[in-house]
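Student: Protein chains in written order, with this note's numbering: chain A, 1 to 345; chain B, 346 to 690.
Think of the hints as simulated: they come from the structure by calculation, not from any bench.
Just to be clear, a hint being listed does not mean it is correct.
[Said to hold, decoys possible] Covered stretches of chain B, going by a simulated chain A footprint (3 or more residues, C-beta under 8 Å):
{"no.": "1", "stretch": "479 to 491"}
{"no.": "2", "stretch": "551 to 560"}
{"no.": "3", "stretch": "572 to 586"}
[Stated by the list, open to error] Straight line, CA to CA, 27 Å or less: simulated BS3-like cross-link-like pairs of lysine-lysine:
{"no.": "4", "chain 1": "B", "residue 1": "Lys558", "chain 2": "A", "residue 2": "Lys213"}
{"no.": "5", "chain 1": "A", "residue 1": "Lys181", "chain 2": "B", "residue 2": "Lys419"}
{"no.": "6", "chain 1": "A", "residue 1": "Lys65", "chain 2": "B", "residue 2": "Lys526"}
{"no.": "7", "chain 1": "A", "residue 1": "Lys48", "chain 2": "A", "residue 2": "Lys58"}
{"no.": "8", "chain 1": "A", "residue 1": "Lys181", "chain 2": "B", "residue 2": "Lys410"}
{"no.": "9", "chain 1": "B", "residue 1": "Lys526", "chain 2": "A", "residue 2": "Lys117"}
{"no.": "10", "chain 1": "A", "residue 1": "Lys299", "chain 2": "A", "residue 2": "Lys50"}
{"no.": "11", "chain 1": "B", "residue 1": "Lys431", "chain 2": "B", "residue 2": "Lys670"}
{"no.": "12", "chain 1": "B", "residue 1": "Lys526", "chain 2": "A", "residue 2": "Lys74"}
No experiment lies behind these values; they were computed from the predicted model shown.
All C-beta atoms in this analysis are idealised placements derived from N, C-alpha and C, irrespective of residue type, glycine included.
Number of protein chains: 2
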Amino acid sequence: MGGDHGPSIVIPGLVFAVERLSGRDVRFLVHGDEAVIGPELARFPTLKDKVEIRHTDKFITMDVKPSQAMRRGKGTSLWNAVESVKSGDANAAVSAGNTGAMMAISMLLLRLAAEIKRPALTASWPTSKGVTTVLDVGANVESDAEQLVEFAIMGAAFHHAIQGKDRPTVGLLNVGSEEQKGHDDVRQAHALLRGTEFEFDYHGFVEGDDIAKGTVDVVVTDGFTGNVLLKTAEGVARFFGAEIRSTFTSGPFALAGAVLASRALGRMRQRMDPGAVNGAPLLGLNGVVVKSHGSADAKSFASAVKVAVDLASSDFAAEIDRNVKRLSAVLADPAQEGSIVESSQ
Amino acid sequence: MGGDHGPSIVIPGLVFAVERLSGRDVRFLVHGDEAVIGPELARFPTLKDKVEIRHTDKFITMDVKPSQAMRRGKGTSLWNAVESVKSGDANAAVSAGNTGAMMAISMLLLRLAAEIKRPALTASWPTSKGVTTVLDVGANVESDAEQLVEFAIMGAAFHHAIQGKDRPTVGLLNVGSEEQKGHDDVRQAHALLRGTEFEFDYHGFVEGDDIAKGTVDVVVTDGFTGNVLLKTAEGVARFFGAEIRSTFTSGPFALAGAVLASRALGRMRQRMDPGAVNGAPLLGLNGVVVKSHGSADAKSFASAVKVAVDLASSDFAAEIDRNVKRLSAVLADPAQEGSIVESSQ
Chain A
1 MGGDHGPSIV
11 IPGLVFAVER
21 LSGRDVRFLV
31 HGDEAVIGPE
41 LARFPTLKDK
51 VEIRHTDKFI
61 TMDVKPSQAM
71 RRGKGTSLWN
81 AVESVKSGDA
91 NAAVSAGNTG
101 AMMAISMLLL
111 RLAAEIKRPA
121 LTASWPTSKG
131 VTTVLDVGAN
141 VESDAEQLVE
151 FAIMGAAFHH
161 AIQGKDRPTV
171 GLLNVGSEEQ
181 KGHDDVRQAH
191 ALLRGTEFEF
201 DYHGFVEGDD
211 IAKGTVDVVV
221 TDGFTGNVLL
231 KTAEGVARFF
241 GAEIRSTFTS
251 GPFALAGAVL
261 ASRALGRMRQ
271 RMDPGAVNGA
281 PLLGLNGVVV
291 KSHGSADAKS
301 FASAVKVAVD
311 LASSDFAAEI
321 DRNVKRLSAV
331 LADPAQEGSI
341 VESSQ
Chain B
346 MGGDHGPSIV
356 IPGLVFAVER
366 LSGRDVRFLV
376 HGDEAVIGPE
386 LARFPTLKDK
396 VEIRHTDKFI
406 TMDVKPSQAM
416 RRGKGTSLWN
426 AVESVKSGDA
436 NAAVSAGNTG
446 AMMAISMLLL
456 RLAAEIKRPA
466 LTASWPTSKG
476 VTTVLDVGAN
486 VESDAEQLVE
496 FAIMGAAFHH
506 AIQGKDRPTV
516 GLLNVGSEEQ
526 KGHDDVRQAH
536 ALLRGTEFEF
546 DYHGFVEGDD
556 IAKGTVDVVV
566 TDGFTGNVLL
576 KTAEGVARFF
586 GAEIRSTFTS
596 GPFALAGAVL
606 ASRALGRMRQ
616 RMDPGAVNGA
626 PLLGLNGVVV
636 KSHGSADAKS
646 FASAVKVAVD
656 LASSDFAAEI
666 DRNVKRLSAV
676 LADPAQEGSI
686 VESSQ
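Start from the sequences and build out the full structure, keeping to the hints where you can.
Tutor: Given below as structure tokens:
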């Protein structure tokens, strides 16, 4: 496991992760520079028997492009972390580093799971009802109907594994909730989702404001829209944070109010950032790879580690496989196909 | 002018509009039921010489589909309002009613301006630096490269007319700021925008969080993404509002803080809702049509009226026309086309 902030976040993060995973036998391979990791590790005796350092002094910096990472990434901490999943040395990899490089190296080394066409990067979004899973938030720039249905399958299996909910509800993001709304891809995906028996409950189309409302457990969209809207919401959340600060320094009454309400305000800010529920897996591969937010602190990094552990010890991969086979059966049946094309007209 | 809340919002809204347009000779045709509008109007003597009621007892309700509105909308208040722009009786139309019906009837009666391929619904988004114009937020479900460039042209002309800024900066929404990011349509639009001399400054790609930062004056995206992200941000804003309320009732200190800071909090909430800067024009037609938010109050409705008046008295249509001609010249030049296709590979 490498990290953007490096061992000063990752190692204390593992301490928090061990606490939160109490009773579970979890061990960590930490990939990186032993000269830096070693002293940091020595500060936390509880980690002593749980962490093994896998030394490398090669790293992928944030400005490396995915194509460069694939060609020249061998031997870097990120590469080695993913490689350790492939070899079976590890059950999951977590990285707080370069997202594009992580996706590219993971695709290259772990390959897509059987019958999955495209992977999906997945975000956990705080809502008024809890947490909504949103995908794809950036593994793809375009997605056809079949891929959108795959995202629904993978998102539901992830939500089931991490949030513990049987038969999650799934919504397909669109510009309106009526049947005839949207472009061909979302309407065809809608017909496929409605007409197929999966291990989740398809709710139908949802709109942008349904995400924060928590209308469904899983919101499915293409990677372009998902990436843009997650970043837009993060931007709005930061704007709110800044406005709250400036609001509470706008006068003596407001300032006094802020002092009185500071604890509640702190909790609120933390709860509301769409980037705050840390741990975004790249789903659809033969192995678990989880992205931690680049700016994550130790506690937040521990959340990403917990997501990785929970995923690796769940049967989400088998659940995805069962449901993708149902999709393949529908797509292979010309009668079904006909009705789907018709209903999308 | 019709309205969702009807005359009880629209007529007081006109009073505020007259105040804000002080010194300008503006008159209003109010399309709707005289029996309802008349008594409301009688309450505001200052409007007496400024308002003429155009009676109809036919209305388009919120559940009417765009196709129904086109076929059966004749004689309704919305139809008559747009018709009055076409006939020259009015310089602009404002409606707080059914958005889809408004777009459909406007397209049918006013038609697209010369050389414009698709209209665009435009939102004004509060940011940390002021207001950013975002389009398209829902007039289309798909947009090719040429249409994205048209949106840039129309958005810049709108921002110039309404925010008063010469040569606004324009950004194209994408999943990253590097040249090679995104799908073909955004990369081709990027090449066209970079390679053509328009009356605005093209900034390049922007990401979702750049909207709230106010990185550029105008953010261009396809109608699917724009609609979804505007509604997502509105949802996040409402979630924040609810969280602020619950935060400030979570304990005695927080409650006391809220009382002290209540005025500042109220101002903040109003400033931050992406739907709060009211008045969303449908650009690209032979005439000005402005959508007011369905839940707008009288002051907010007045903002939409002011947008309509400012647009109608600006030369934004001529500015659009000049820039679209520049685009057409580039597209008609095979040498240019070649270089654009090449640079988007």
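Student: All hints, please: hold or fail.
Tutor: Outcome of the hint check:
1. 479 to 491: n = 3 at 8 Å, threshold three: holds.
2. 551 to 560: That given contact holds, which follows from 7 residues of the stretch 551 to 560 of chain B lying within Cβ reach (below 8 Å) of chain A.
3. 572 to 586: With 14 residues in contact (Cβ-Cβ under 8 Å with chain A), the coverage given for the stretch 572 to 586 of chain B holds.
4. Lys558/B / Lys213/A: With a Cα-Cα distance of about 24 Å, the restraint between lysine 558/B and lysine 213/A holds, given a limit of 27 Å.
5. Lys181/A / Lys419/B: Between lysine 181/A and lysine 419/B the Cα gap is close to 24 Å, so the pair holds against 27 Å.
6. Lys65/A / Lys526/B: Cα-Cα ~11 Å, so holds.
7. Lys48/A / Lys58/A: holds, 24 Å
8. Lys181/A / Lys410/B: holds, 11 Å
9. Lys526/B / Lys117/A: Distance of about 21 Å is within 27 Å: holds.
10. Lys299/A / Lys50/A: It holds: about 18 Å lies between the C-alpha atoms, which stays within 27 Å.
11. Lys431/B / Lys670/B: Cα-Cα ~24 Å, so holds.
12. Lys526/B / Lys74/A: holds, 24 Å
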